[in-house]
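Colleague: The chain contents come next:
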Amino acid sequence: MTRSNIATLLMAGLYLAIIAAYPTDLYAAGLNTDVALTPPEGGTIIRVQSRYLELSDDPTPMGREASVLVHPVTIVHGLTSDFTVLGTVPLVYQDVEFASGTEVDEFGVGDVTLLAKYRFYQDDQPGITTRWAAIGGLEAPTYDEPFSSESVDPIIGTVWTHQRRDWWLDWDVLYKFNTGGGLDSDDELRGDVALSYRLLGGESGAIGPWGLYAIGEINAKYITDGSTQLFGSPGLQFITPRWILEAGVQLPIHQHMKSPRLETDFVFVFSLRFQF
Amino acid sequence: MLCKLPTILLLLTLMTAPALAGEKRVTVHVKGLACPFCTYNLEKRIKTLDGVPDKPNWRASVEKGTASFDWKADVPFDEDAVREQIRKAGFTPGKMEVADADSRAKEQAYQGKAHLIEVSNDQDKKQTVIALQVGAGENRRTLTLRPAERADRQESYATLKARLKDAATNDSVLVTVYGLPADKPKGDIILHRWSPQRFGAEVILNVDELACERCSTGVMRTVREVKGVLHVESDHDEDRVHIWTQSHEPDTAPLRKAIEDAGFKVTHVHVKSVKDEDANKHKAK
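One line per chain: the protein sequences are A and B, in this order. Okay, so the first sequence: first residue is 137 according to our numbering, each after it adds one. Okay, so the second sequence: first residue is 135 according to our numbering, each after it adds one.
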């Protein structure tokens, strides 16, 4: 395949199929699932994540296989104890290999997500909390081809968390209205469930309370062109009062992607959260 | 013989925190505190208070759902401000205790006799609760013992529970207790040998926000004045006041009024017959 062919594909938006496979995971406050917990009034959390994806099974004659490394950087700020704003900027590097042997490396900045989260329900008991929040915002274009949808895409959703000392459960549902053209005209519905269980824990004089948690998630996605994805996502979290180190993998349980979208082979996730 | 004398060594260790003379030590129970990452939210907000020194000896415990910190000697303690900051951190404030910061360092162990009040099951927490009465007169207090998270306490609790397996209510046990103020008498304490059999009923009142020992003492003093009341114990950890009455069918209205006159709200009243319960326990033995 020649460069001019690739340029034609770019014009047709087919490259976008590569990053369109994972955008809503990027601003999840947990590993892949959101949480209804929010920083305190005036509190700020920075999260730096690395997500490495491999995609294949190209239904088009291009025979694309892609390796993608995304670094979503998220800043969360608590305006009040129940109202939070957050922004995510994904730095993306992708390597696309075509059946013809052509390989194209690209680096860029994906669309910026700006969200507000309002916690409308909270029930606190000793060692237990249940919280429910509404999410709304948009994905703003950076116009950095091929990583930007070049459209403003509204996002709405809700997230629920039930947390106990030894385990907690989160679920979220998010809907993104894609207003762009081509592949970015299809809306996206995402639902996630995460269960965390404390394997080890203690209270150290040096770092305070800490815990090592096993996390298991189910991540489901439906795109209005008929594409569906279901992932099982095991992981580990090490949590201290100031920072959280977490790592996990997303493995496909079921995938049915409409052409020209690629299927995801796996996703490695590594994340560091720090609050100040 | 009903009264056996199991010898028990019970160690209740305490964490101590260095503090400047005159400073207060504040312990707050925080509802909803369930993960380590959340504790920093609380620390950040609490440290904005004027009364909190630069190095407040901050301690947060997810296990206990508490946070404790020092309070400057020259700043009046402001409970409302502390509660406000807990809310701003995204949590719900619970009970609050304020003590001299250096009082914990003065707490010492004593060994003495105690009376077994009861061994009961806490259905909610699925654990066995052992209630002991130690001390006499003004020094008398009730110890409610539960399995603790710390390994050293668990062992002591397990030993105590095993030793009390065949003990009856009102049996004497010998305990070594860490955590009583140094000015309390040491050595064997002569206990007031009260017998449950002479009580007609036990009235258990749930009291909203019975937050500190001083509050408990005030309530007990008021309730003792009510006619027909023989004995009063309070448990500010559980927000409960236990009243033993002469009558088998006590009128709970004056008891409720006495507590409410002391400035506390009674949320629930439960009356149980001591005689029947005690008879059943002995029958079972």
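Read the hints as simulated data drawn from the structure, not as lab findings. All C-beta atoms, glycine included, are put in the ideal place defined by N, C-alpha and C. Do not rely on the hints blindly, as some may be mistaken.
Said to hold, decoys possible - Here are some, though not all, of the chain A residues that point toward chain B, as calculated from beta-carbon distances under 8 Å:
#1 Pro-262
#2 Trp-346
#3 Leu-348
#4 Thr-376
#5 Lys-394
Unchecked claim - Derived list of chain B stretches under chain A, where covered just means 3 residues or more per stretch with a C-beta under 8 Å from a C-beta of chain A:
#6 335 to 344
#7 350 to 361
#8 379 to 390
Colleague: Could you tell me which of the hints above the structure violates, numbers in ascending order?
Modeller: 3, 5, 6, 7 and 8
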